[in-house]
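In case you want the letters, here they are:
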Amino acid sequence: MNKKNFLVVDDSATFRQLLCMSLTRLEGITQGDITEAVDGADALSKVRDSQFDLVLTDIRMPNMDGLEFVNKVRTELRRTELPIIIISTKGADEDIEKGMSLGATGYLSKPIQMSKLRELVTNCLQAEA
Amino acid sequence: MTQKTEEILTLFSKSEELLEMFRKGRAFTEELMSENERLRYRIVQLEREKIDLSDTLMREVERLRLENGQMSQKLEFLDSRFQRVEAENKDFAQRYVEVEEQNESLANLYVASHRLHSTLDPAEVVQCIKEILVNMIGSEEFGLFVVDDETSELVLAGYEGEIAQRLDRGRVAFGEGLEGMVAQSGQAFFTEDAGELGEVCACIPLKIKERVVGVIAMYKLLPHKGGLTSLDHRLLELMAGHAASALVSSKLYALADRKLRTIEGFMNLLRVR
Numbered sequence: 001m002n003k004k005n006f007l008v009v010d011d012s013a014t015f016r017q018l019l020c021m022s023l024t025r026l027e028g029i030t031q032g033d034i035t036e037a038v039d040g041a042d043a044l045s046k047v048r049d050s051q052f053d054l055v056l057t058d059i060r061m062p063n064m065d066g067l068e069f070v071n072k073v074r075t076e077l078r079r080t081e082l083p084i085i086i087i088s089t090k091g092a093d094e095d096i097e098k099g100m101s102l103g104a105t106g107y108l109s110k111p112i113q114m115s116k117l118r119e120l121v122t123n124c125l126q127a128e129a
Numbered sequence: 001m002t003q004k005t006e007e008i009l010t011l012f013s014k015s016e017e018l019l020e021m022f023r024k025g026r027a028f029t030e031e032l033m034s035e036n037e038r039l040r041y042r043i044v045q046l047e048r049e050k051i052d053l054s055d056t057l058m059r060e061v062e063r064l065r066l067e068n069g070q071m072s073q074k075l076e077f078l079d080s081r082f083q084r085v086e087a088e089n090k091d092f093a094q095r096y097v098e099v100e101e102q103n104e105s106l107a108n109l110y111v112a113s114h115r116l117h118s119t120l121d122p123a124e125v126v127q128c129i130k131e132i133l134v135n136m137i138g139s140e141e142f143g144l145f146v147v148d149d150e151t152s153e154l155v156l157a158g159y160e161g162e163i164a165q166r167l168d169r170g171r172v173a174f175g176e177g178l179e180g181m182v183a184q185s186g187q188a189f190f191t192e193d194a195g196e197l198g199e200v201c202a203c204i205p206l207k208i209k210e211r212v213v214g215v216i217a218m219y220k221l222l223p224h225k226g227g228l229t230s231l232d233h234r235l236l237e238l239m240a241g242h243a244a245s246a247l248v249s250s251k252l253y254a255l256a257d258r259k260l261r262t263i264e265g266f267m268n269l270l271r272v273r
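Those protein sequences? They're chains A and B, same order as listed. Take the first sequence: its letters are residues 1 to 129, numbered as in our numbering. Take the second sequence: its letters are residues 1 to 273, numbered as in our numbering.
Note that these hints are calculated values from the structure, not bench results. Since the model is a prediction, treat every value here as computed from it, not as a measurement. Backbone N, C-alpha and C fix where the C-beta goes; we use that ideal spot for every residue, glycine too. Careful, some of the hints might be misleading.
Said to hold, decoys possible - Partner residues aside, some chain A positions facing chain B, computed with beta carbon under 7 Å: (1) Ser12; (2) Phe15; (3) Met21.
To be verified - Straight-line Cα separation of at most 20 Å, SDA-like style, residue types lysine to any residue; simulated pairs: (4) B:Lys251 x B:His117; (5) A:Lys116 x B:Glu37; (6) A:Lys4 x A:Gln126; (7) B:Lys130 x A:Thr89; (8) A:Lys116 x B:Leu106; (9) A:Lys116 x B:Lys251; (10) A:Lys116 x B:Val97; (11) A:Lys116 x B:Asn103; (12) B:Lys130 x A:Val38; (13) A:Lys4 x A:Cys20; (14) A:Lys116 x B:Leu222; (15) A:Lys116 x A:Met21; (16) A:Lys116 x B:Gln94; (17) B:Lys130 x A:Asp39; (18) A:Lys116 x B:Arg271; (19) B:Lys251 x B:Gly241; (20) A:Lys116 x B:Pro223; (21) B:Lys130 x A:Asp11; (22) A:Lys116 x B:Thr229; (23) A:Lys98 x B:Asn103; (24) A:Lys116 x B:Ser105; (25) B:Lys259 x B:Arg271; (26) A:Lys116 x B:Gly227; (27) A:Lys98 x B:Pro223; (28) A:Lys116 x B:Ala107; (29) A:Lys3 x A:Ile29; (30) A:Lys116 x B:His224; (31) A:Lys116 x B:Leu64; (32) A:Lys116 x B:Glu101; (33) A:Lys4 x A:Gln31; (34) A:Lys116 x B:Ala93; (35) A:Lys116 x B:Glu98; (36) B:Lys209 x B:His242; (37) B:Lys130 x A:Arg60; (38) B:Lys130 x A:Gln17; (39) A:Lys116 x B:Val99; (40) A:Lys116 x B:Gln102.
Please construct the entire structure, taking both the sequences and the accompanying hints into account.
Here is the structure:
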């Protein structure tokens, strides 16, 4: 089974750590590397340089926010196949709609529920395969 | 004479014919009687067979009835067993979900405590508490207060949203308002239900043993967070313990560091002179 590499993007170190821990606890997914990025710009350079199977990004971040990051991955890097899950602090708001229209694969709301994370990650990875 | 003889012969011939007819009739009657006897015997035989068959049928029906009764009992038993196993299965599934939730909370608590104790900078500790309240608890508006020992007041050290900003000078006296009452009593306060827009009033004291060093007041939850569960309450109380010790130790470290720098500066000054 192929190991899956994840990229976690959030300016909050606490949330990144929490998300990394949640991803390592996912059943049925062979873990590869989990890389962390502090904002959209950092994430963009990492996507450019490395191969990831899934990206989880917060929306509101300094320097480059999650929406701009999604847009650049889809348009500049032309990585349309890379699943990107956007994470919003508020529930179903404009940010989520905008993110989905820019090409995000799915969305989650904070605080993240493990069951929803598992379901979405599994669906994204299956669709990618 | 000849005519008489002919008549006698004719009569004789007719009597012979009649006799023959009687013989045939007798043979036929005997045959009929024999057939009748055979048929009567056959009827008796069939009657006997019918009775035997009826007995066998009755026995078979009885046996099947018994078997049916046993099968019904078995079915009933299996049905009740199935119901029991299904109930157990549901119970296990429910327990699995609960254990999963507890695992999630423990993982959250581990990350929270790890982050809180990973720095000795008071500002970073405050930032960390804010991140925990937003990302793990799902609080949209809250205030973090620390106790000012000199004035016995709660001082607003960090906040999110507009509600905490409304406080006069960012200070609350002990015993005043919900924050002050919680600081004075040392008892956490939770409301039962969240409001329609996710407003909830939860106030948790930050305590080191019995000493209150601060208060976290949560004014509003994120819209999609329906309310605080009992697990959230427990998590908040445990996290508050870690936050309290992280806040105090970082403040003490900052104070000691500042004093050390002052002394070092003073020593350097003396050395120069």
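Violations among the numbered hints: 5, 9, 18, 23 and 31
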